[in-house]
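Peer 1: Next come the chains, spelled out residue by residue.
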Amino acid sequence: MSNATFRTCPESGLQFHKPAELLMRAHAVVAVVILLIGGIAALLVTLTRWPAIHLLPADRFYQLLTTHGVNMLIFWIISFEIAVLYFCSSTLLRCRLATPKIAWLGFTLMLVGIIVNNAAVASGTASVMMTSYVPMPANPNFYLGLILFAVGALIGCFVFLGTLVIAKDEKTYEGSIPLVTFGALTACIIAVFTIASGAIVLIPTWLWSLGYVNHIDAAMYRIVWWALGHSSQQINVAAHVAVWYAIAAIVFGARPLSEKVSRVAFFLYIAFLQLASAHHLLVDPGLSAEWKIFNTSYAMYLAVLASMVHGLTVPGSIEVAQRAKGLTNGLFEWLRKAPWSNPIFSGMFISLVGFGFIGGISGVVMGTEQINIIIHNTIYVPGHFHATVVIGTTLAFMSLTYFLIPVLFRKQVAFAGLAKWQPYLFGIGMSVFTLAMMGAGTLGVERRHWDMAFTNSALGFEYPASAFTLMGIMGISGVVAILGGAIFILVTVVSVFFGKSVESESSYGIATTRLSRADPVLVPDGGHEAAGKWGFAAPGTFVLALFFLMIFVLYYAVNWKYLASVWPMS
Amino acid sequence: MSDETTGSGAPVRVPFMQRVLDNPFILLFIGIVFPAVFYIIWGIMEIVNIPIAP
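Protein chains in written order, with this note's numbering: chain A, 1 to 570; chain B, 1 to 54.
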């Protein structure tokens, strides 16, 4: 292999294979463009669901809701994830990327798919929303665009797997692959299942839209479609958890508390995470209680256990690293003195807390068949997945981008002051947004509904005033979060296309842009427990975990109590 | 391969679970078969078995 195609980043020590680097850049740029399109649609949708503004007419609302859903939940996330897969294989394993030409074919298919799908929605003939439930027909190009994108993404997954084989053959690493790469492998495996499910459901639906197939069974469609629709969000979970581990290593030189336990947690994702798709079908009449409860409770709880392991071990590893550097006072000095003005860290930490406290707890409530009925198909559901996908995944990817701008694109981060505040604006705005949605959903406000006031409707319904207030709070906080998203795009675009080149070090300094050369965590005298308290290496994290469990149990119990009140049995 | 060698050349038994976790294609197999069986195939069998209205 020729060294002429590799470069070593002077700040991070990372080694980039030129074809992989170009592909990562291309995927990341396309992802950010998609984020912009989805973000504009988000603003218009939010301003329509904000009852005091109610901006758009119904047809335009559903068209933009489709644009928003498909671009954000499929195109933005998976485009960025393919860049993450190439980074975690070629760059972290310091090897060449497998079959770059085929990888470019995958990129081209994804790009064509994005354009074809968006053109179909923009024409006004495919306002079927992301789920595109049959028998509601869309312009055939809507399905064709998704199929092309899926095939391209599948190619990206196999290029990633091929790169793992090359790294093993060329012995660029010893022992097991690094944990971050293992997390990316988990995302890749879930992606293969997801995309295959997408092909199984979308190819017949495309043929049906063209008139070559007479009938698609609606119940069958829903089962297989949700193996695409929900599992695609599980790719995100695995990918953003891998990003959390990477950022803990980048910023703090932290190592997982137990790499074996973290790997087993990823394994639980591989085996069980996709089964949670079933919670979308908990009120479908054709499916048995056994199927519903096995898939959403018993199996899904193993995946939830895995998330709790990651949620404990990532901040725990940061605490251990900080304590080893002498930040040992009290329970939380390590956290208080963390680099909160560094958006790589602050974004990642808000992502972790938001994903766990808001997205995780609400996900378990939604996955419990009995209490799911309280909020099924209400605006609680988008409240939940905005916490997982937007606070969890998007914010984690934004944080990683601040690292990649100097390391991958060799540019200084522009508007550093704005970048410092961006994760707070986006993360806190989105947290309030999701909580307001969940509150309104608990009061019964529907998802995907143009007018909650049912103006001039023959069969109207009057929501309590508090529901309107919560939707107003949702609108205000949504605009704040979108402003945070706009700042991210501004910073990214200006940095990458018009920014100053990095000369000797990145704008955030050496300490925050290292990966392989991060300061090693020195074990203090007496081991990590000696730097902790009460025999715990990470006592602060342990207290935070207990607080999390208390909130979890309380909220779960409150929902059962609420179920008892909405469904009196006597 | 279940054994690796140490610096002194003595084979070291690699635990079964580590061998599974180190093989991306076994993991890919598990990651497709589990949800395909428990979610898709089981679910579709239930839909197929719904009697058609006369």
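FYI, nobody ran anything at the bench for these hints, they're computed from the structure.
Computed from a prediction, not measured in an experiment: that's the story for all the values here.
Glycine is no exception: its CB is placed at the ideal position from the N, C-alpha and C atoms.
Be a bit skeptical, because a hint or two may be false.
Stated by the list, open to error - Partial list, computed: chain B residues near chain A (C-beta under 10 angstroms): (1) Met17; (2) Gln18; (3) Leu21; (4) Asn49; (5) Ile50.
Peer 1: Is the hint on B:Ile50 kept, meaning its closest Cβ partner in chain A is under 10 angstroms away?
Peer 2: 5 angstroms, holds
Peer 1: Under 10 angstroms, Cβ to Cβ, is where B:Leu21 needs to be relative to chain A, so tell me if that hint holds or is violated.
Peer 2: Because about 5 angstroms separates B:Leu21 from the closest Cβ in chain A, which is inside the 10 angstroms limit, the hint holds.
Peer 1: Does the interface hint hold: is B:Met17 within less than 10 angstroms of chain A, judged Cβ to Cβ?
Peer 2: 8 angstroms, holds
Peer 1: Quick check on the hint: B:Asn49 CB to chain A CB, less than 10 angstroms?
Peer 2: Holds, about 9 angstroms.
Peer 1: Should the interface hint for B:Gln18 be scored as holding, given a Cβ-Cβ cut-off of 10 angstroms against chain A?
Peer 2: Interface hint status for B:Gln18: holds (7 angstroms vs cutoff 10 angstroms).
Violation of the numbered hints given earlier is absent; every hint is satisfied by the structure.
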